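Chemist: Starting from the structure of chain B, add chain W where the hints point.
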Amino acid sequence: MRKKKLQSFLTTLGQPMVSVTIALLLGAVIIGLSGENVFKAYGVMLKGAFGDGYYLSSTLSRATPIIMGGLAVCIAWRSGYEAMGGEGQMIFGALSAAIIAYYVPVAPFLRTVLAMLGACLAGAVYSVLSGWLYEKWRVTFIISTLMLNYIANYVASYLTIYKLKDPEALDINASQTGKIMEAARLPRIFKAYSLHWGFLIAVLCVVLVYILMNKTEFGYKSRMNGFNSRFALYGGINARKMLYMVMILSGVCAGFGGSLEVLGSKYRYIDQMIFNTGYAWSGMVAALLANFNPIGTLVASILLSGLATGGAALQRSTSIPVETVNMIEGVITILMSVKLLNLISVRYRHTRKKEGGEKQ
Amino acid sequence: MKKSISLILAMLLLLSSLVGCGSAKTEEKKEEPAAETAPAAEEVVEEPAAEPAEAKRIAVICDTIGTNLFLTQVADEMAAKQAELGYEYSMMECADSDEWQANYEAAAHEGYDLIIGVGWQAGSFAAECAEAGDGTTQYAVIDTDAGSDKVASFAYNEEQAAFVMGLMAGLAFPEEELYGYVGCFEGPGSWKYRWGFMEGVKVTNPDAKFTFNWTNSYSDPTNAHEFALQQHAMGATYIFGGAAACNEGIFQAALELAEKGEYIYSIAQDADATTEANPYILSAQLKNTGVTTGIILDKFYAGTLEGGCTELKLADGAIGATWVTNDGAYLNSDILTEEVLSACKDYVAKIISGEYPIVLPEEADYQFNEIL
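Top line first, the protein sequences correspond to chains B and W. Residue 29 in my numbering sits at position 29 of the first sequence, with consecutive numbering throughout. Here my numbering runs 360 ahead of the position in the second sequence, where the first position is 1.
Because the hints were derived from the structure by calculation, they are not lab data. Hints may be right or wrong, so weigh each one.
[To be verified] Restricting the straight-line Cα-Cα distance to at most 30 Å, the calculated cross-link-like pairs of lysine-lysine (BS3-like) are:
1) K416(W) to K191(B)
2) K191(B) to K4(B)
3) K179(B) to K191(B)
4) K165(B) to K510(W)
5) K510(W) to K179(B)
6) K40(B) to K562(W)
7) K221(B) to K4(B)
8) K710(W) to K163(B)
9) K510(W) to K673(W)
10) K673(W) to K705(W)
11) K191(B) to K510(W)
12) K673(W) to K620(W)
13) K673(W) to K562(W)
14) K40(B) to K416(W)
15) K441(W) to K165(B)
[To be verified] Here are some, though not all, of the chain B residues that point toward chain W, as calculated from beta-carbon distances under 8 Å:
16) R62
17) L159
18) I161
19) D171
20) S175
21) S194
No experiment lies behind these values; they were computed from the predicted model shown. C-beta: ideal position from N, C-alpha, C; glycine also.
Just chain B, same shape as in the assembly (with noise of 0.2 Å):
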């Protein structure tokens, strides 16, 4: 048994793994015809992503809302929702936390914590609504979830760009909201690099979800729903009740997430700031490379944040246009996405059955 789970754990840890290492491989190709040495770009990549602690610090600070977006898509697909709108609640939450902690007038403490459940607020009101689409009309997730998205961004693009704009920027382009006080804000772990406590804060939340997802009768119940909602339901799981909730709780990921950005890195909401970074795309990326494990979803968010970070640094450092760049990482990340460990243990596991019939 235990042999099992330590098996279904390293097959969980090491699929990125080795799918990273065949991209590379492929990735190398492509440097290589752009007339780059491969292993000096390489080179340049890992150090921009994980080379020492300032460059890590930055992967692991552009993971906090991988990470949460990965946790709000574990919760919602492992459940048999198979939900896409973490981005519009990311969107939501991180706009409610960019406009509490900047206008509401209580001490500085006060405004970070009213900002984070504000975020957790608006993202799982905003996550229960395409809930209540699939439960009234049966909307499916996918179209009401995706054009939720769009709705999202561009209401907060219109409320930066002509209600919330920062009172205090001058110009007039500047799309934003006012900067939020140093005070109100999620302190940096060290004070040279940028990673900050929201990170931390995502690592316990990966922690708290997988001890509610295994750990729980919740858990089992969702989990039940998500191999067989039919058989849940036969087995007295009221479904609607087990909807909201998984919504909710999977919109609260979303919308912390997108608190946790602000908060703790750009201390603004920035148009586009999570449209255009794709960092629910990316949770959701890892969430699937990882089968919906915390964990899991964990080590692949801070690798794909890593690719992202690498690549900034592949591009500012080499020869290497920005097109070609974002074609590694495009070619890295679906690699990352073809889960090749599971297809290597199914054989294998195969090839052994076979055998043992052969035997007999």
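Modeler: For chain W alone, coordinates are given in the frame of chain B:
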């Protein structure tokens, strides 16, 4: 099971060896001055001796450049001045807001001597890094005001140039009822363009009507192409091209319509794009980010690059209008006649001397003509 574990271990080994390669290179780079004595033969061959006068290192942080003339001018100027000034430089292109922040912090961390940011996104990150830094790195931003006395900001008074473009349109097409406009984003940022253009047209055609379309992108010529065709169908002959790289769609529409014997005329943004191959591009509203980059580099090397905001106007030569303030590649003299150009030049002289002040009002206070 054993196979899986050994596979994972093998991959980890491979990854760690790659990391090893990375860190070795890093150290070599960090210890560049001592590279002469280092045994790493390959590196020594590449850089045989550390030059006594260290080349300055300059970072330019901007959006992805592509074919955006606003940014290609900066890249071209950086390349052109390198031979003269002998600096090393890196163009850091940012795909999203996180990359803006990460590149700013990384450039500061990597000890560049000068960091130039281009675009409004640069403002707050430049100010933050400059405030947090020890003063060894200098900061400059183009086309925005960072609002910090540690950042040299260079902003543009685009309403002056937009007014000249509107004036030119009104003089060249005085009988038109409707004037078209295709821009990137409708928002406060476009107001100085819209206002300048409308006011310029209204000098000769006070009852002119206007129609506006927005591509919501800096690089979507397909949308601009459709908007140009629609605005032509509505009756517009002149379409203000205010949509960065999307303008290419308007120019393409002009060529297509010309084949059918129908004509629209437009202008480019930021740099001259007039060409005999497309005589329907009459002029360009110049925002010469290349000139501004040159100003920054000259000041940096002269030791006179100081914090605070400088607003560049028609008088500074960083903004202007092709065939009025600057020459272009091709003049469509059938449309831009001597009279039209000399009238525009007169107004430019009056604007520069202050005789004809261009004062941008708040959008909320502006009395619009009919907008279709």
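Chemist: Work down the list of hints and note, for each, if the structure agrees.
Modeler: Cross-check of the supplied hints:
1. K416(W) to K191(B): Between K416(W) and K191(B) the Cα gap is close to 27 Å, so the pair holds against 30 Å.
2. K191(B) to K4(B): 43 Å, violated
3. K179(B) to K191(B): 19 Å, holds
4. K165(B) to K510(W): 24 Å, holds
5. K510(W) to K179(B): 18 Å, holds
6. K40(B) to K562(W): Violated: K40(B) and K562(W) sit about 59 Å apart, past 30 Å.
7. K221(B) to K4(B): Satisfied, since the Cα-Cα distance of roughly 23 Å is no more than 30 Å.
8. K710(W) to K163(B): Roughly 37 Å separates the two Cα atoms, so the pair is violated.
9. K510(W) to K673(W): 22 Å, holds
10. K673(W) to K705(W): 15 Å, holds
11. K191(B) to K510(W): 21 Å, holds
12. K673(W) to K620(W): 40 Å, violated
13. K673(W) to K562(W): 22 Å, holds
14. K40(B) to K416(W): Roughly 23 Å separates the two Cα atoms, so the pair holds.
15. K441(W) to K165(B): Distance of about 38 Å is beyond 30 Å: violated.
16. R62: Constraint on R62(B) satisfied, holds at 6 Å.
17. L159: Violated. Min distance 12 Å.
18. I161: At 5 Å from the nearest chain W Cβ, I161(B) passes the 8 Å test, so the hint holds.
19. D171: 4 Å, holds
20. S175: Check passed: Cβ of S175(B) comes within 7 Å of chain W, closer than 8 Å.
21. S194: Cβ of S194(B) sits 6 Å from chain W, so the hint holds.
Of the hints listed earlier, those the structure fails to meet are numbers 2, 6, 8, 12, 15 and 17, in rising order.
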